[in-house]
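Colleague: Sequence:
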Amino acid sequence: MSAKLFKGAEYLITEVNKDDVFTPEDFSDEQRQIGDTTEQFALNEVFSRREEIEHHNLPLTVQLMKKCGELGLLMIDAPEEYGGLELDKATSMLAAEKLALAGSFSVTYAAHTGIGTLPLVYYGTKAQKEKYLGKIISGEWIAAYCLTEPGSGSDALGAAATATLSADGKHYVLNGTKQFITNGGIANLYTVFAKIDKQHFTAFLVERTSAGLSVGPEENKMGVRGSSTTQIILEDVKVPVENLLGEIGKGHKIAFNVLNVGRFKLGAAVTGAAKIALTTGIKYANERKAFGVTIGTFGAIQEKISDMCAAIFASESLVYRLAGLIDDRLATIPKSTPDYYGAYQEGIEEYSIECAIAKVFCSEMLADTVDAVVQIHGGYGFIQEYAAEGYYRDERINRIWEGTNEINRLLIPGIILKRAMKGEIPLQKEAMKAFEALMSPSFDELDDSVSFAAEKALLANLKQAFLVLAGSGVQKFMNTIKDEQEILLAVADVAINIFAIESAVLRAEKMLPALSESKKGAVTAAVKVFTFNATEKTASAARRAAYFIEEGDNLTMLLAGIRRFTKYDATGLLKAKRQLAGACLDAEKYVF
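Reading the sequence shown from the start, the letters are residues 403 to 994 in our numbering.
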């Protein structure tokens, strides 16, 4: 546990210490063992049969899910009293990361263990858990989550599916169509969202064998082709009243709280996928020759490799820092707490901002990575015979599901502003301090004896930039700021990059003393490369926000402040890129 318990978004207004973050270097022996078991399963049982899975051998997928159950990989998040392991979120995320090697099968696994299982774990009654949970965590049954409809994607509460209580009061009769349901074709139990009396958004546990429930044909998808994706059609489906999940009219709590978990687990999964893609790109660069030498000797290729490696380092740092934040918070909740899972969900919801950040940053990091890997392959990257082509197709969905990246970006400043209005975050007070700093430049010199002094000074300034922009936006638009989506999207990018840079810096500072000189050089290089790249993006987003918010003298002042707040001395950047690329090319993999 860290020395301090942080609130969600508190990183934006406070200085965080290296001892306050959890990193992959902090894994226990037990966690590493589970990671190794998961990786070996993915490599030995799934990877060798990926072609069968990609061609929709769904019986094989079901068989492999049962194998997952035998290995205990489906019960990581389930309570001990129902046969689960009830492990921490860091372990759950590590398993998700390691299963990335399994390609489409990892999607089946993630949907089952996340949005498929957790509604029952968090909101199910004792009777519901006793009836279903054992089957789900053993792999005997597959679980699915039915929220999206043909007419409601991001607007989940606009669902048209209905539930009507039968005259005898024993059943709810469900009607409607659910769209893009992962595991739809192989699931035995569905968590279905519908409106009671067309008004009260509510969740139900619905068995596959229920009369009137039918499964649509498998969708012909661009990527993750081996996973099952179908419609679920409900025509006068009778669901026993005891299968109502949670409370009537409180389905939104289930839908959104479970999505928070899905978002940060997606961050872990795509980080694992990026490591695999990078390794593929590096190996190809070491094999492919042009002009008589391997293409890995070219600066153009080395720059791509260094940028990918540095971004993955940041993504990995961000993901496990978030795991540590959530685990620290959950550890403060006694098991004897009345409504334990209600408090548990509130603990996770505290970091809904960071969960959205993980979803956006990590999925876009993977997008950049697979794009670069295809480019390294040249024309061969466009051919299905080469793995790079599949990575490229499979990546695209990650920016859509678990809430599109646009929706998640809007959530970040939206939740921050809501909490500020409730007095939970002293945003106004801190923004006033930032405005004062904007008007009075600091001439403090860096202390070179402090590790990553330049990056830490930059982070302090970037936080000031965020506060000035958020404060300016609220001052200009007041309560209508929530409707200024272009501004919110730009401000979100500033918040996202601050969290990513800070996560990378703190992890590097924490791990540095235990490393060899060569490894220290690679870590320091990764921090410099990523910080430079992310700062350039942050400066662009900040300028965009400034132009959206202000004009005239106010704009001039804001732009001048942004120039100062986003200044980063990246002296030695080329050397750092070559050093990091060289380490990756020598090791033929991601080196951290």
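Keep in mind the hints are simulated off the structure, nothing from the lab.
Note that beta-carbon positions come from the ideal geometry of N, C-alpha and C, so glycine has one too.
Check before you lean on any hint, since a few could be wrong.
Label-pair distances were calculated between CB atoms; the ranges are [as the list claims (entries may be wrong)]:
| # | residue 1 | residue 2 | range |
| --- | --- | --- | --- |
| 1 | E649 | E919 | 52 to 60 Å |
| 2 | K969 | A692 | 37 to 45 Å |
| 3 | Q465 | P736 | 39 to 47 Å |
As a list, the in silico DSBU-like pairs of lysine-lysine whose alpha-carbon atoms are at most 35 Å apart [unchecked claim]:
| # | residue 1 | residue 2 |
| --- | --- | --- |
| 4 | K533 | K406 |
| 5 | K531 | K597 |
| 6 | K572 | K623 |
| 7 | K820 | K420 |
| 8 | K533 | K691 |
| 9 | K691 | K655 |
| 10 | K939 | K878 |
| 11 | K921 | K939 |
| 12 | K623 | K939 |
| 13 | K835 | K420 |
| 14 | K652 | K691 |
| 15 | K420 | K531 |
| 16 | K597 | K409 |
| 17 | K691 | K572 |
| 18 | K597 | K691 |
| 19 | K623 | K528 |
| 20 | K858 | K691 |
| 21 | K406 | K623 |
| 22 | K737 | K572 |
| 23 | K912 | K977 |
| 24 | K921 | K878 |
| 25 | K691 | K406 |
| 26 | K420 | K469 |
| 27 | K884 | K921 |
| 28 | K572 | K528 |
| 29 | K691 | K420 |
| 30 | K531 | K691 |
| 31 | K824 | K409 |
| 32 | K409 | K939 |
| 33 | K623 | K600 |
| 34 | K820 | K858 |
| 35 | K977 | K824 |
| 36 | K572 | K685 |
| 37 | K820 | K977 |
| 38 | K977 | K409 |
| 39 | K572 | K468 |
Colleague: Give a verdict on every hint.
Modeller: Verification of the hints:
1. E649 x E919: 52 to 60 Å: 59 Å, holds
2. K969 x A692: 37 to 45 Å: 38 Å, holds
3. Q465 x P736: 39 to 47 Å: 40 Å, holds
4. K533 x K406: Roughly 40 Å between the alpha carbons, so the hint for K533 and K406 is violated.
5. K531 x K597: Holds - the C-alpha atoms of K597 and K531 are around 23 Å apart, at most 35 Å.
6. K572 x K623: Answer violated: K572 to K623 is near 39 Å, above 35 Å.
7. K820 x K420: 29 Å, holds
8. K533 x K691: Status violated; Cα separation ~60 Å.
9. K691 x K655: 55 Å, violated
10. K939 x K878: 24 Å, holds
11. K921 x K939: 27 Å, holds
12. K623 x K939: 32 Å, holds
13. K835 x K420: 25 Å, holds
14. K652 x K691: Violated - the C-alpha atoms of K691 and K652 are around 60 Å apart, more than 35 Å.
15. K420 x K531: Since the Cα atoms of K420 and K531 sit roughly 40 Å apart, the hinted pair is violated (cutoff 35 Å).
16. K597 x K409: 34 Å, holds
17. K691 x K572: With a Cα-Cα distance of about 71 Å, the restraint between K691 and K572 is violated, given a limit of 35 Å.
18. K597 x K691: 61 Å, violated
19. K623 x K528: The given pair, whose Cα atoms are some 38 Å apart, is violated under the 35 Å limit.
20. K858 x K691: At roughly 41 Å apart (the allowed maximum being 35 Å), K691 and K858 break the hint.
21. K406 x K623: 45 Å, violated
22. K737 x K572: 33 Å, holds
23. K912 x K977: 23 Å, holds
24. K921 x K878: 48 Å, violated
25. K691 x K406: 52 Å, violated
26. K420 x K469: 39 Å, violated
27. K884 x K921: 45 Å, violated
28. K572 x K528: 19 Å, holds
29. K691 x K420: 43 Å, violated
30. K531 x K691: Roughly 58 Å separates the two Cα atoms, so the pair is violated.
31. K824 x K409: 14 Å, holds
32. K409 x K939: 26 Å, holds
33. K623 x K600: This hinted pair holds, its Cα atoms lying about 32 Å apart.
34. K820 x K858: 28 Å, holds
35. K977 x K824: 48 Å, violated
36. K572 x K685: Answer violated: K572 to K685 is near 61 Å, above 35 Å.
37. K820 x K977: 44 Å, violated
38. K977 x K409: 38 Å, violated
39. K572 x K468: 34 Å, holds
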